[in-house]
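**Q** Sequence:
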Amino acid sequence: MPFIYRNLILSPHDGEDRLPALVAGQLGVPHAALRDLRILRKGIDARRKPRIKVIYTVSFSLVDDAPLLARLAHEPDLEWQPEPVPALFPPVRSPQRIVIVGSGPAGLFAALRLAEYGLTATLIERGQPVEQRSLDVQTFWKTGLLDPESNVQFGEGGAGTFSDGKLTCRSKDPLGAWVLEQMAGFGAPPEIRYLAKPHIGTDRLRTVVSAMRRHLLEKGFAIRFGCRLTDIVTARGAVSSIVVNDGEELPCDLLVLASGHSARDTYEMLERRNVPLERKAFAMGLRVEHPQALIDRIQYGGPRHPSLPAADYAVTWNNTATGRSAYSFCMCPGGVVIGGASEEGGVVTNGMSGQMRDTPFANSALVVNVAPDDFGGPDPLAGVRFQRHWEHQAFLAGGGGYHAPASNLMGFMGLPGKGRLSSSYRPGIVEADLDTVLPRFITQTLREGINEFGRKLRGFVTAEAVLVGIESRTSAPVRIPRTEHYESVGLAGLYPVGEGAGYAGGIMSSAIDGIRIADTIAARLKG
Numbered sequence: 001m002p003f004i005y006r007n008l009i010l011s012p013h014d015g016e017d018r019l020p021a022l023v024a025g026q027l028g029v030p031h032a033a034l035r036d037l038r039i040l041r042k043g044i045d046a047r048r049k050p051r052i053k054v055i056y057t058v059s060f061s062l063v064d065d066a067p068l069l070a071r072l073a074h075e076p077d078l079e080w081q082p083e084p085v086p087a088l089f090p091p092v093r094s095p096q097r098i099v100i101v102g103s104g105p106a107g108l109f110a111a112l113r114l115a116e117y118g119l120t121a122t123l124i125e126r127g128q129p130v131e132q133r134s135l136d137v138q139t140f141w142k143t144g145l146l147d148p149e150s151n152v153q154f155g156e157g158g159a160g161t162f163s164d165g166k167l168t169c170r171s172k173d174p175l176g177a178w179v180l181e182q183m184a185g186f187g188a189p190p191e192i193r194y195l196a197k198p199h200i201g202t203d204r205l206r207t208v209v210s211a212m213r214r215h216l217l218e219k220g221f222a223i224r225f226g227c228r229l230t231d232i233v234t235a236r237g238a239v240s241s242i243v244v245n246d247g248e249e250l251p252c253d254l255l256v257l258a259s260g261h262s263a264r265d266t267y268e269m270l271e272r273r274n275v276p277l278e279r280k281a282f283a284m285g286l287r288v289e290h291p292q293a294l295i296d297r298i299q300y301g302g303p304r305h306p307s308l309p310a311a312d313y314a315v316t317w318n319n320t321a322t323g324r325s326a327y328s329f330c331m332c333p334g335g336v337v338i339g340g341a342s343e344e345g346g347v348v349t350n351g352m353s354g355q356m357r358d359t360p361f362a363n364s365a366l367v368v369n370v371a372p373d374d375f376g377g378p379d380p381l382a383g384v385r386f387q388r389h390w391e392h393q394a395f396l397a398g399g400g401g402y403h404a405p406a407s408n409l410m411g412f413m414g415l416p417g418k419g420r421l422s423s424s425y426r427p428g429i430v431e432a433d434l435d436t437v438l439p440r441f442i443t444q445t446l447r448e449g450i451n452e453f454g455r456k457l458r459g460f461v462t463a464e465a466v467l468v469g470i471e472s473r474t475s476a477p478v479r480i481p482r483t484e485h486y487e488s489v490g491l492a493g494l495y496p497v498g499e500g501a502g503y504a505g506g507i508m509s510s511a512i513d514g515i516r517i518a519d520t521i522a523a524r525l526k527g
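Once you know that position 388 of the sequence shown is 388 in UniProt numbering, the rest is easy, because the numbers rise by one and skip nothing.
In case anyone wonders, no lab produced these hints; they're calculated from the structure. Bear in mind that the values here come from a model prediction, so they are computed numbers and not experimental data. We put the CB at the ideal spot given by N, CA and C, even for glycine. There is no bait here: all hints are sound.
Here are the simulated distance ranges between beta carbons: (1) PRO306 <-> ASP379: 50 to 56 angstroms; (2) ARG18 <-> ASN319: 45 to 51 angstroms; (3) ASP265 <-> ALA463: 40 to 46 angstroms; (4) ASP64 <-> ALA21: 15 to 21 angstroms; (5) PRO2 <-> GLY377: 54 to 60 angstroms; (6) GLU131 <-> ARG524: 33 to 39 angstroms; (7) PRO82 <-> ARG51: 35 to 41 angstroms.
Straight-line distance between alpha carbons at most 25 angstroms, and here's what the computed SDA-like set of lysine to any residue pairs gives: (8) LYS49 <-> ARG455; (9) LYS172 <-> PRO190; (10) LYS42 <-> GLY505; (11) LYS53 <-> LEU294.
Could you build all of it, start to finish, from the sequences and the hints given here?
**A** Pasting the structure below:
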């Protein structure tokens, strides 16, 4: 695929089968001369509503390259690119015993990458396989009966398994393409390779995760569920073994710690073991839920064309006087609001959508930045206590049973015209004063931010919208400091990785972090 051509424009009414003729016509080459045309990127430009554009980047080759090569300097959207060189993974053999803690994206992709080098590891997961975990989560949503070890936060696939399955990443790290190829190879929709905003959906992601498990088992990995890390044994300043479930000791030379942002008992264990930890900023707020048709009209300037995806949005507002920001986070078009608790007596909300994004609801977190100085204590786990306190306040305001406190958006804003209180949240909602479930600086900043969001998105502030609380697990409130070689600064052989280590946020960045750890370990064992 030597040529890349950008900024090809179709309308929502056009089929993608028009792309070859469009490329040939704009470049003035015979249609029959095009070979191997492939979509590299597809995005939506809705800036000039309602004239929506679908923008493509494609790759192709020609029978005779010479005519286009001569035009490269005069065609800014045309680029010549040599065939990519496949990644090479020289086999590595080592007696070193590797244990990976956690089967979220960081742990899974660390394992997949190690397998490319011919290495194996023991992968332990405190929760259950995704099939059983899905049943446990459904039980919680239907009945309010929480399993603290198998829930939205804990279990195979990590917290992202019950989300939108977004595969976006702010960085342009080339490892992102490897992640997408692996996902597609294990059953994700093939278009994730080129969509500007790729996502899998929680329903499809579960099948991808189980396919990854089968692959790792075939490669010789040992995978143990219901296996919680409870201690680390050291010798001469390095990891020598680990203890699981408070009793069983497993030999371990290299420990990849991908435990996720909600494994609070793991943070507590690390603190007891004098592993350096530090406070980290995060964000907290509420979920807002609108009718999806309303968001479509706001973003597309009218009813959504069947070929267009359910519309999303991203908004942010900064208060320069206070240094606070309000912004949307983890927006789920065509999704539902869900209960994401992992501890008794605390309410946590999250958003989730399937591959088709076909529910009548759109939801997003609206959150405010929380700094370490807000935690109320100088110790590394002060942020964990801060989260727990407000999650418990939300539990009390919801009346127990993990019902969530909620308010109509107009009521929260102190505006007339308060509408009906309804939400897709499971197990259920209870009308409450949301100023009792979050610090004042958060609710005040949210009100100021929502005012601005309403100016940017006409119709956003409406009686049709509901706020549900609280959104508290946006990222870890703790960071585990590590060296430039990804090893803990205080314990040799410990490799903190992903969201729980404080170095990633979301599926893609967590997976990339896991890959980097695996590459580092392979290089160490080879050298």
